[in-house]
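Work the whole structure out from these sequences, hints included.
Given next are the chains, with one letter for each unit.
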Amino acid sequence: MHPYKNLPDYQFWKKEPGVGDGKLLDPVGPKPPFLISEDNKIVTAGSCFAQHVAKFLSGSGFLHYISERPHPVIPNHIAMRNNYGKFSARYGNVYTTRQLKQLIYRAFGHFVPVAQAWRSKFDHNAFIDPFRPQIQPNGFVSEAELLSDQQQHLSYVRDAFENMDVFVFTLGLTEAWEDVSDGAIYPIAPGIAGGDYDPGKVVFRNFDVSETYEDLRQSIEFLRTINPSLRIILTVSPVPLNATYENRHVLLSTTWSKSVLRIAAEQATCNFDDCVYFPSYEIITSPHVRGKYFAEDCREVTPEGVKHVMSLFLKHYTASNGALNPVRNMEENRAEKHSTKMQKIVDLLCDEELIDNE
Amino acid sequence: MKSKALVVGHSHVNCIQKAVNLSSSKDFEVLNIRQLQKAKVLNKSSDGLVDRTLLRNPSPDVICISLSGNEHNILGLVEDPNPFSVGDFDLGSVPHDSSRWLIPRNIMLEVFTDKLTIFFNQAKSLCNSFPDAKKMYLNPPPPISDWMHITRHPKFFKEVIGRGPAPDDLKLELYKIQTDVLKSFASDLGAHFVDAPPAAIDDRGFLRSEFYNDDPTHGNIEYGKLVVKLIEEILEKSDASL
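Top line first, the protein sequences correspond to chains Z and F. Each residue of the first sequence is one higher than the last, beginning at 1 in this note's numbering. Each residue of the second sequence is one higher than the last, beginning at 359 in this note's numbering.
Hints listed in this document are in silico derivations from the structure and should not be mistaken for laboratory results. Bear in mind the structure is a predicted one, so any value in this text is a computation, not a measurement. You may find that some hints are simply not true.
[Claimed, not checked] With a straight-line cut-off of 20 Å between C-alpha atoms, the simulated EDC-like cross-links for lysine to aspartate or glutamate are:
no.: 1; chain 1: F; residue 1: K493; chain 2: F; residue 2: E387
no.: 2; chain 1: Z; residue 1: K341; chain 2: F; residue 2: E517
no.: 3; chain 1: Z; residue 1: K337; chain 2: F; residue 2: E517
no.: 4; chain 1: F; residue 1: K473; chain 2: F; residue 2: D438
no.: 5; chain 1: Z; residue 1: K201; chain 2: Z; residue 2: D179
no.: 6; chain 1: Z; residue 1: K121; chain 2: Z; residue 2: D26
no.: 7; chain 1: Z; residue 1: K341; chain 2: F; residue 2: D472
no.: 8; chain 1: F; residue 1: K384; chain 2: F; residue 2: D419
no.: 9; chain 1: Z; residue 1: K337; chain 2: F; residue 2: D419
no.: 10; chain 1: Z; residue 1: K337; chain 2: F; residue 2: E387
no.: 11; chain 1: Z; residue 1: K341; chain 2: F; residue 2: E437
no.: 12; chain 1: Z; residue 1: K344; chain 2: F; residue 2: E517
no.: 13; chain 1: Z; residue 1: K344; chain 2: F; residue 2: D438
Shown next as structure tokens:
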């Protein structure tokens with residue numbers, strides 16, 4: 001007799017089928033405390049990898065809840081270029097847990113940052129939002145317009161957080177830039193896409209485990225106060241850091257950062273009910289898949305990797321094996337019809353003008 | 359000797375054609391692309407849309423293009439089922455009403471560019487058909503604000519008139535954005551951009567009532583006369599400017 005006797009297979013490395021065939025790797029378990037149904041509103045946020053999750057959810061019939069939709073007069077390709085639908089609202093990548101907390105607090109009026117708008121680096125006449133600097137490739141035409149859009153955006157963020165049933169948050173980074181005047185966190189350093197880098201005005205931050213967990217804890221507690229039955233799925237992005245400001249190799253910073261995020265996520269799952277960890281990070285980086293899920297740049301995750309992750313997500317977190325029906329907003333359909341109808345009317349009128357002229 | 363002008367476009371050239379017909383001018387020839395399509399005189403060859411052998415003046419001195427141009431009316435003649443505003447430089451949004459769905463200005467600019475690019479390509483083909491001619495791009499008339507006129511002459515808009523008018527400031531803003539896109543196209547074509555005749559525009563920027571056609575979007579023969587006069591003035595003023 002010994003303490004490991006009769007433990008489940010998944011607790012033993014050699015019993016993992018993925019050792020022989022990486023595609024069979026399935027580290028999800030034990031059984032999650034909840035399943036996602038097709039009418040559950042899922043809100044997504046996080047780093048680059050979270051975009052893959054969101055895209056998959058949108059394309060597979062889940063109700064990926066998009067509160068900030070493009071107006072129906074905006075064609076899809078333009079909407080996509082302007083980052084509508086990538087996440088539940090146009091907040092762009094939320095890399096750190098501090099950034100998540102800040103987004104929530106801003107949406108509910110608990111924090112109003114000093115910085116409002118930056119001049120774009122690419123078009124001096126354009127303005128960009130310091131808190132979602134790449135949300136609109138051509139920027140905003142004025143600070144006033146940016147603030148109007150920001151106000152609208154934050155109302156959609158509130159809508160998403162108040163109405164979601166499931167929140168999927170992908171923790172991505174620990175490094176960030178902080179405004180010394182009020183502690184506001186910027187997703188990318190000023191001077192890259194816009195604004196000016198002034199070492200006297202911003203400081204580099206690399207959040208440790210306690211800071212990362214504390215921000216995550218406060219975020220979850222706030223969300224649960226406005227949405228008590230919220231279920232939460234945390235993941236860690238397997239995508240390595242693009243760059244580090246720490247004076248060390250970026251690979252070392254990546255390991256440090258992912259370790260911190262992984263521990264913070266684990267702490268949250270231990271301390272909150274209905275808060276689970278989904279092992280995206282482990283699936284992509286595991287020795288079982290022998291690096292095959294990273295693209296040639298050793299950083300981007302391949303479509304096969306995303307597919308592996310999301311197929312396990314479907315398998316373990318839904319009862320319907322992903323056979324869900326896409327949901328479309330009726331109002332949107334009606335508006336699309338209006339736009340098409342107006343085009344037809346103008347065409348008819350122009351034809352009649354021609355007849356009148358003959 | 360007066361310059362020979364070829365005016366080519368869609369429905370907004372009809373008022374110009376009426377004005378030219380009335381004056382019996384031989385210096386202007388007006389072609390409606392839809393008319394060409396109907397008469398099957400569209401040249402499908404790679405160098406352009408118009409078969410110049412069918413023209414009265416096969417080698418015009420200037421080609422004036424006015425393709426499409428009702429996109430602002432498609433979006434803003436009547437209130438949208440999802441009432442929207444567009445981003446504004448000073449106010450943030452026009453109309454300045456936070457209950458409306460804000461579409462940032464640069465995104466609306468992309469929407470118009472997307473809708474109008476097909477006509478820009480047609481305009482390029484037309485310019486290729488007449489490489490030696492000077493080029494002008496005619497802005498369509500501004501929107502009509504008089505809802506009474508629109509409801510009296512709704513034509514095919516009858517079925518959507520019940521939605522009521524879009525706000526006046528939105529109509530003007532959409533027209534401005536469309537104008538910005540067309541100006542940029544004109545610049546790319548090397549064409550002189552000819553804005554709507556100032557005499558036809560009221561102090562708010564709308565089409566003056568005496569220039570309304572009997573429909574919600576077009577100018578009448580009097581408007582056509584003003585455009586012809588404007589083209590003649592530009593031609594007389596400075597050849598070098600074209």
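How the hints compare with the structure:
no. : hint            : result
1   : K493/F / E387/F : holds (14 Å)
2   : K341/Z / E517/F : holds (9 Å)
3   : K337/Z / E517/F : holds (13 Å)
4   : K473/F / D438/F : holds (18 Å)
5   : K201/Z / D179/Z : holds (6 Å)
6   : K121/Z / D26/Z  : violated (45 Å)
7   : K341/Z / D472/F : holds (18 Å)
8   : K384/F / D419/F : holds (13 Å)
9   : K337/Z / D419/F : violated (44 Å)
10  : K337/Z / E387/F : violated (38 Å)
11  : K341/Z / E437/F : holds (13 Å)
12  : K344/Z / E517/F : holds (12 Å)
13  : K344/Z / D438/F : holds (15 Å)
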